[in-house]
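Residues per chain, in single letters:
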Amino acid sequence: MRILVKGAGVAGLTVAWQLYRHGFDVTIAERAGKVGTGASGFAGGMLAPWCERESAEEPVLTLGRSAADWWEAALPGHVQRKGTLVVAGGRDAGELDRFAGRTSGWEWLDDAGISALEPDLAGRFRKALFFRQEAHLDPRKALSALTAGLEEARMRFLFGAAGAPERYDRVIDCTGAARIGRIPNLRGVRGEMLSLESDEITLSRPVRLLHPRHPIYIVPREKSRFMIGATMLESEDAGPVTARSLMELLNAAYALHPAFGEARLVETGAGVRPAYPDNLPRMTEDGDTIHVNGFYRHGFLLAPAMAGEVARRLLAEQRQPERRAS
Amino acid sequence: MLKLYDIAVQSRLLLGTARFPSPAILAEAVRRSKTEIVTVSLRRETSGGKASGAFFDLIRELGVRVLPNTAGCHSVQEAVLTAKMAREVFRTDWIKLEVIGHHDTLQPDVFGLVEAARILTAEGFQVFPYTTDDLVVAEKLLEAGCRVLMPWCAPIGSAMGPVNPMALRTFRAHFPDLPLIVDAGIGRPSHAAQVMELGYDAVLLNTAVAGAGDPASMAEAFALAIEAGRLAHSAVPLEPRDMAVPSTPVIGKAVFS
Chain A
0 MRILVKGAGV
10 AGLTVAWQLY
20 RHGFDVTIAE
30 RAGKVGTGAS
40 GFAGGMLAPW
50 CERESAEEPV
60 LTLGRSAADW
70 WEAALPGHVQ
80 RKGTLVVAGG
90 RDAGELDRFA
100 GRTSGWEWLD
110 DAGISALEPD
120 LAGRFRKALF
130 FRQEAHLDPR
140 KALSALTAGL
150 EEARMRFLFG
160 AAGAPERYDR
170 VIDCTGAARI
180 GRIPNLRGVR
190 GEMLSLESDE
200 ITLSRPVRLL
210 HPRHPIYIVP
220 REKSRFMIGA
230 TMLESEDAGP
240 VTARSLMELL
250 NAAYALHPAF
260 GEARLVETGA
270 GVRPAYPDNL
280 PRMTEDGDTI
290 HVNGFYRHGF
300 LLAPAMAGEV
310 ARRLLAEQRQ
320 PERRAS
Chain B
0 MLKLYDIAVQ
10 SRLLLGTARF
20 PSPAILAEAV
30 RRSKTEIVTV
40 SLRRETSGGK
50 ASGAFFDLIR
60 ELGVRVLPNT
70 AGCHSVQEAV
80 LTAKMAREVF
90 RTDWIKLEVI
100 GHHDTLQPDV
110 FGLVEAARIL
120 TAEGFQVFPY
130 TTDDLVVAEK
140 LLEAGCRVLM
150 PWCAPIGSAM
160 GPVNPMALRT
170 FRAHFPDLPL
180 IVDAGIGRPS
190 HAAQVMELGY
200 DAVLLNTAVA
210 GAGDPASMAE
220 AFALAIEAGR
230 LAHSAVPLEP
240 RDMAVPSTPV
250 IGKAVFS
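Quick note, the sequences are listed as chains A and B, same order.
Residues in the first sequence are numbered consecutively from 0, following numbering that gives the first Met the number 0.
Residues in the second sequence are numbered consecutively from 0, following numbering that gives the first Met the number 0.
Worth flagging that the hints you see were computed from the coordinates, not collected in a lab.
Treat the hints with care, as some may be off.
Stated by the list, open to error - Just the calculated beta-carbon pair ranges, DEER-fashion:
hint, chain 1, residue 1, chain 2, residue 2, range
1, A, Lys33, B, Gly52, 26 to 34 Å
2, A, Ala111, B, Val244, 51 to 59 Å
3, B, Gly52, A, Ala147, 36 to 44 Å
4, B, Pro164, A, Gly89, 28 to 36 Å
5, A, Thr267, B, Lys33, 37 to 45 Å
6, B, Pro236, A, Ala258, 56 to 64 Å
7, A, Ala147, B, Leu223, 52 to 60 Å
8, B, Lys33, A, Gly100, 24 to 32 Å
9, B, Val235, A, Thr283, 51 to 59 Å
10, A, Gly100, B, Ala234, 45 to 53 Å
This one's a predicted model, so the numbers in the text were calculated from it and none came from an experiment.
Idealized CB from N, CA, C, for every residue including glycine.
Model the full assembly from the supplied sequences, consistent with the hints where possible.
The structure is reproduced here in structure tokens:
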């Protein structure tokens with residue numbers, strides 16, 4: 000079966016990888032000149048389904064809990080299994096109880112427990128929730144590594160091409176936000192992020208700072224960098240970060256640790272996450288095309304499960320071609 | 000029946016649309032609460048007013064009246080501009096006017112509020128001002144042309160419920176015939192029932208529903224509490240006394256001392 004995967008963000012590359020593993024003949028078409036130019040490149044890369052369950056529906060946890068294993072198997076060494084630390088400022092301490100009441104898979108830490116995990120946060124918070132089973136990865140490195148792996152496997156990449164010249168049995172459309180306005184009920188949720196660089200503070204795992212209005216997370220990256228995100232705005236505007244959002248993100252980083260006040264601001268970014276009304280991803284069919292879309296803020300977390308679903312679908316079709324929908 | 004700027008409404012619950020886990024859950028909350036009016040923020044939930052077409056389509060598809068708001072506006076100019084954008088997007092003269100004076104407590108800037116209400120009323124808007132329980136400010140808002148007032152009962156999002164029931168009682172007594180909606184500070188259905196018992200005409204909520212573990216069920220619980228409070232008010236509840244009153248005669252005791 001000859002398959003064309005459209006879109007080389009986290010969804011497209013994950014689907015391509017999964018189909019390649021099952022022996023399909025796959026080509027990837029990406030309108031941009033390189034991989035990961037959409038929302039995926041601005042992702043936090045947190046594999047944190049237990050934390051996300053605070054506001055997301057159950058499938059995010061059931062589909063997301065095996066994500067870390069998938070990424071580890073696909074890209075050995077990329078996944079850091081160090082858990083997630085959740086803290087709140089003194090005045091917002093009630094937010095921690097609320098968060099705990101809506102999630103599972105956590106344990107309470109006191110200040111000694113916090114400083115054992117993150118020495119640089121010693122003395123700053125009296126209580127924290129620790130989600131031991133969670134993991135994180137660097138999204139850009141992961142996408143590059145997947146691409147390198149696929150290229151090594153002689154998979155064809157068509158960059159910038161408007162349309163693929165050959166005939167394919169199936170097209171898997173993973174073009175995300177580009178489909179807004181064309182797939183019914185698909186909307187955009189704007190997200191803004193920034194990167195800080197500082198030698199004065201070290202973190203080993205993602206830290207979430209709860210706040211009733213602007214909850215944020217900080218994910219440590221290589222080379223003393225920290226990714227700070229992310230706003231959630233009901234907007235399809237992909238323009239540069241606003242002053243207000245920048246202020247809120249920086250303010251939260253500073254509240255986590257004053258050392259961030261001296262950090263260098265090395266990047267700001269904004270992207271549009273595609274989402275369906277229930278904020279859960281979906282696989283839908285339209286003739287020969289299968290759309291995999293609506294990953295919302297859960298691209299790296301849920302793409303493996305959705306890629307598995309696509310593969311199962313195509314394998315079933317291969318076995319029983321007459322049952323294929325036309 | 001409650002009339003807000005000549006529009007009759009059955010439901011006495013107005014629901015904010017911010018911070019729901021998903022639009023699908025928001026839609027379910029609207030359905031279960033049978034609310035007829037939702038408020039939508041143009042500035043705070045969007046990006047500098049560049050609103051998502053798809054999100055606003057989802058709001059319109061709810062099939063309820065939209066009361067756009069100026070949440071997050073910190074100046075008269077910003078609030079007036081946002082109100083005008085909202086009129087374009089939602090084709091309504093209704094505007095829930097918020098002019099925030101304090102970033103931290105989200106307390107209204109009552110001076111800016113009165114000024115913005117005056118400007119907007121002159122431009123044909125029908126203004127629903129988010130205000131404090133201050134009577135003098137309320138009178139100035141009426142002078143500015145408001146025909147509905149929305150006093151807080153506690154700071155926005157605090158979930159404390161009525162922190163000054165005395166002031167709410169006085170406010171109601173001072174404006175006996177004006178539609179009064181308690182906006183902000185409600186945390187639980189019992190709070191909503193309490194202000195309805197005091198004779199308020201309706202309640203506006205957001206965080207108490209959106210932030211609940213099961214927002215749709217909580218929305219329905221609020222609708223029931225509001226209905227109960229309204230019914231209790233019309234049934235004229237007992238006023239509290241400072242000693243017990245037996246409900247049946249006590250044999251052998253002529254008097255209490």
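Here is what the structure says about each hint:
{"no.": "1", "hint": "Lys33/A to Gly52/B: 26 to 34 Å", "result": "holds (29 Å)"}
{"no.": "2", "hint": "Ala111/A to Val244/B: 51 to 59 Å", "result": "holds (57 Å)"}
{"no.": "3", "hint": "Gly52/B to Ala147/A: 36 to 44 Å", "result": "holds (38 Å)"}
{"no.": "4", "hint": "Pro164/B to Gly89/A: 28 to 36 Å", "result": "holds (29 Å)"}
{"no.": "5", "hint": "Thr267/A to Lys33/B: 37 to 45 Å", "result": "holds (44 Å)"}
{"no.": "6", "hint": "Pro236/B to Ala258/A: 56 to 64 Å", "result": "holds (58 Å)"}
{"no.": "7", "hint": "Ala147/A to Leu223/B: 52 to 60 Å", "result": "holds (59 Å)"}
{"no.": "8", "hint": "Lys33/B to Gly100/A: 24 to 32 Å", "result": "holds (28 Å)"}
{"no.": "9", "hint": "Val235/B to Thr283/A: 51 to 59 Å", "result": "holds (57 Å)"}
{"no.": "10", "hint": "Gly100/A to Ala234/B: 45 to 53 Å", "result": "violated (36 Å)"}
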